[in-house]
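> The primary structure of each chain is shown beneath.
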Amino acid sequence: PLKSGPISFTRKVGVGPSDHINVGCECDYQRYFKAFELQQIDQKSPKLTLLFRNTKPVTPMAMAALRREGRRFVPLVSSPRPINAIQSTLAPAEEQVGLGVRSISTQIVRNRMKSVKNIQKITKAMKMVAASKLRAIQVRAENSRGLWQPFTALLGDTPSVSVKKNVIVTISSDKGLCGGINSTSVKISRALHKINSGPDAECKYVVLGEKAKAQLIRDSKKHIELTMTELQKNFLNYTQVSVIADDILKNVEYDALRIVFNKFQSVVSFLPTTATVLSPEVVERESEAGGKIGSLDSYEIEGGETKSEVLQNLSEFQFSCVMFNGVLENACSEQGARMSAMDSSSRNAGDMLDRLTLTYNRTRQASITTELTEIISGASALEG
Amino acid sequence: MIRQVASRFLTRPTAAAAVVTIRRPFSTEVTDSSSGDTAFVEAWKKVVPNIDPPRTPSQYMQPRPPTPSTLPTKLTVNFVLPYASELSGKEVDMVIVPATTGQMGILPGHVPTIAELKPGLLSVHEGNEVKKYFISSGFAFVHPNSYADILAVEAVPLDKVDPAEVQAGLNKFTQKLSSASTELEKAEAQIGVDVHSALNFALTG
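Listed in order, the protein sequences are those of chains A and B. Positions 16 to 399 (my numbering) are the ones given, in order, by the first sequence. Positions 27 to 231 (my numbering) are the ones given, in order, by the second sequence.
Simulated from the structure, these hints should not be mistaken for laboratory data. The reader is advised that the hints may include incorrect statements.
[Said to hold, decoys possible] Mimicking DSS-like on lysine-lysine, the simulated pairs with C-alpha atoms at most 27 Å apart in a straight line are: (1) A:K265 x B:K212; (2) B:K158 x A:K237; (3) B:K116 x A:K180; (4) B:K157 x B:K186; (5) A:K237 x A:K136; (6) B:K72 x A:K236; (7) A:K180 x A:K190; (8) A:K219 x A:K265; (9) B:K71 x A:K236; (10) A:K139 x A:K180; (11) B:K157 x B:K116; (12) B:K72 x A:K209; (13) A:K322 x B:K144; (14) A:K132 x A:K209; (15) B:K198 x A:K179; (16) A:K202 x A:K190; (17) A:K179 x A:K136; (18) B:K71 x A:K202; (19) A:K179 x B:K212; (20) B:K71 x A:K219; (21) A:K148 x A:K190; (22) A:K228 x A:K248; (23) A:K248 x A:K139; (24) A:K202 x A:K228; (25) A:K219 x B:K157; (26) A:K248 x A:K209; (27) B:K198 x B:K212; (28) A:K236 x A:K180; (29) B:K100 x B:K144; (30) B:K71 x A:K228; (31) B:K144 x A:K265; (32) A:K132 x A:K180; (33) B:K71 x A:K180; (34) A:K190 x A:K237; (35) A:K209 x B:K71; (36) B:K144 x B:K186; (37) B:K72 x A:K202.
[As the list claims (entries may be wrong)] Where chain A lies over chain B, by a calculated footprint (3+ residues, C-beta under 8 Å): (38) 65-73; (39) 83-91; (40) 95-108.
Note that beta-carbon positions come from the ideal geometry of N, C-alpha and C, so glycine has one too.
Generate the whole structure from the sequences, applying the supplied hints.
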């Protein structure tokens, strides 16, 4: 714990070649500053920079205390024009500003630079990882695109159907740092919920993925029927998705299932999409009413069982096919979004690093200048 | 076909590729940039005017041609699996699918049908060549415009099936069926027996 009270630095007056400038203070900073030998400073050499480099790193405790009490003493840390600041505070602060404070400020900036560089490396690596995962899953997603087309060709596309029991299946990712795709899916799901709930229509959620679950659970907790997470832990395949689809169909009553996901168009563009799967009764109702599914009656049903059983199987198969494609497309979009997010993050880190480097150099040069002026003025005082 | 698609992807740069110039089977670049289902878009705009409405699958699909007035000479077949599209838009003479009611032949001009499939042999006849696949169950749709969609969960070209393995599997599952105790085990063994005997039949028949 730091002692409260003003920091005071002791300093020997009279600066000569063999003198010793000792920076001491009443508080714990003492531990962190080395004594500087004057002869080294006298040589006005690159060793000055060596001295700065030789100081021990500043602990967070010291930094916090500095921040609290050192605003008067350390105008150097992040000010944009440190030279003016030093010159203005040189007179009153000469007693107070010691060598150690100078090295604290460069240390602070240097630590920041180190951490920003690490962040840049990490985000670059994450981008590469996302790129390789994207390549793998993009092939599979494109191959699965043929799967839902026969159903749409047969039964048409009916997103505007109005039924009593709507279920919105939201597909999202488990991991974060993937841009805004999960928020988009949740926004669309909420909007669909708003459109489809009314006095005689109810609307429920089935959520796949952690991120959408976290967002939806905040305000629609009572509407969520089922949640599933960790889909991508094992390699995504049709068997797994059909088991999930089976679970949903068994546990949730539905007239229409609306699946919300992000379709992968390219590495920078993801289109929010909603696909609608109707239960067999609604299909029959719509086909009788005419419209897109109107011609369903003209199709002969070849199957051992009755027409309704075949239509039931058809609807379940359609759901699992559409889900499979949706899950793959969403995984693709997730990797693509993560790639662009990490890319912009590393670029930002690079910019920040440039700015910090400039600040660091300015700080360093200013502190060297200060030191030199002190020595010179001290020396000239001795001579004169 | 999968290899072709994969090799096309390996040559693509990982940076943003906005325009796809290679026409891939079932490529679903957004073909219909219009607003899609108008009723849906209007209902959406009324409730949520600030957000763009999501797209719907029909916007990603090429529309199918209408029913021609004369009988077409060829049947257009799309044979799709979850992990690949085996045939897409291929013009053939005849397709024989294993429906639950037996083998069903589909010729151009066949009456529109929805057929449920059982594990069995699918053969595609084009001129003199016949391609045979063994498929697990699925569905087959025949549309009035002589388009046939066959969806299966798994398909294997028949020449890749090993007869010895099939026989061994059949014996194993018959044994399991006789020694099964619970309903679940019986059902699983029954499925194994069905599939393997169908495979056997397909290989020999």
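> Compare the structure with each hint and give your call.
Hint check results:
1. A:K265 x B:K212: Holds: K265 of chain A and K212 of chain B sit about 22 Å apart, inside 27 Å.
2. B:K158 x A:K237: Outside the cut-off at roughly 52 Å; violated.
3. B:K116 x A:K180: violated, 40 Å
4. B:K157 x B:K186: holds, 12 Å
5. A:K237 x A:K136: Status violated; Cα separation ~43 Å.
6. B:K72 x A:K236: With a Cα-Cα distance of about 25 Å, the restraint between K72 of chain B and K236 of chain A holds, given a limit of 27 Å.
7. A:K180 x A:K190: violated, 31 Å
8. A:K219 x A:K265: Holds, at roughly 15 Å.
9. B:K71 x A:K236: holds, 26 Å
10. A:K139 x A:K180: Violated, because 46 Å separates the two Cα atoms, which is more than 27 Å.
11. B:K157 x B:K116: holds, 13 Å
12. B:K72 x A:K209: Satisfied, since the Cα-Cα distance of roughly 11 Å is no more than 27 Å.
13. A:K322 x B:K144: holds, 16 Å
14. A:K132 x A:K209: Distance of about 46 Å is beyond 27 Å: violated.
15. B:K198 x A:K179: Roughly 49 Å separates the two Cα atoms, so the pair is violated.
16. A:K202 x A:K190: Satisfied, since the Cα-Cα distance of roughly 18 Å is no more than 27 Å.
17. A:K179 x A:K136: Violated: K179 of chain A and K136 of chain A sit about 52 Å apart, past 27 Å.
18. B:K71 x A:K202: With Cα atoms ~14 Å apart, K71 of chain B and K202 of chain A stay inside 27 Å; holds.
19. A:K179 x B:K212: Cα-Cα ~39 Å, so violated.
20. B:K71 x A:K219: holds, 21 Å
21. A:K148 x A:K190: holds, 14 Å
22. A:K228 x A:K248: Given pair K228 of chain A, K248 of chain A holds - Cα atoms ~17 Å apart, limit 27 Å.
23. A:K248 x A:K139: holds, 23 Å
24. A:K202 x A:K228: holds, 13 Å
25. A:K219 x B:K157: violated, 46 Å
26. A:K248 x A:K209: violated, 33 Å
27. B:K198 x B:K212: At roughly 13 Å apart (the allowed maximum being 27 Å), K212 of chain B and K198 of chain B satisfy the hint.
28. A:K236 x A:K180: holds, 18 Å
29. B:K100 x B:K144: holds, 25 Å
30. B:K71 x A:K228: Holds - the C-alpha atoms of K228 of chain A and K71 of chain B are around 26 Å apart, at most 27 Å.
31. B:K144 x A:K265: Roughly 23 Å separates the two Cα atoms, so the pair holds.
32. A:K132 x A:K180: Between K132 of chain A and K180 of chain A the Cα gap is close to 53 Å, so the pair fails against 27 Å, i.e. violated.
33. B:K71 x A:K180: Holds. K71 of chain B to K180 of chain A sits at ~22 Å (cutoff 27 Å).
34. A:K190 x A:K237: holds, 24 Å
35. A:K209 x B:K71: At roughly 12 Å apart (the allowed maximum being 27 Å), K71 of chain B and K209 of chain A satisfy the hint.
36. B:K144 x B:K186: holds, 20 Å
37. B:K72 x A:K202: Holds: K72 of chain B and K202 of chain A sit about 16 Å apart, inside 27 Å.
38. 65-73: With 5 residues in contact (Cβ-Cβ under 8 Å with chain A), the coverage given for the region 65-73 of chain B holds.
39. 83-91: holds (count 5)
40. 95-108: holds (count 4)
Hint compliance for this structure: hints 2, 3, 5, 7, 10, 14, 15, 17, 19, 25, 26 and 32 are broken, all remaining hints hold.
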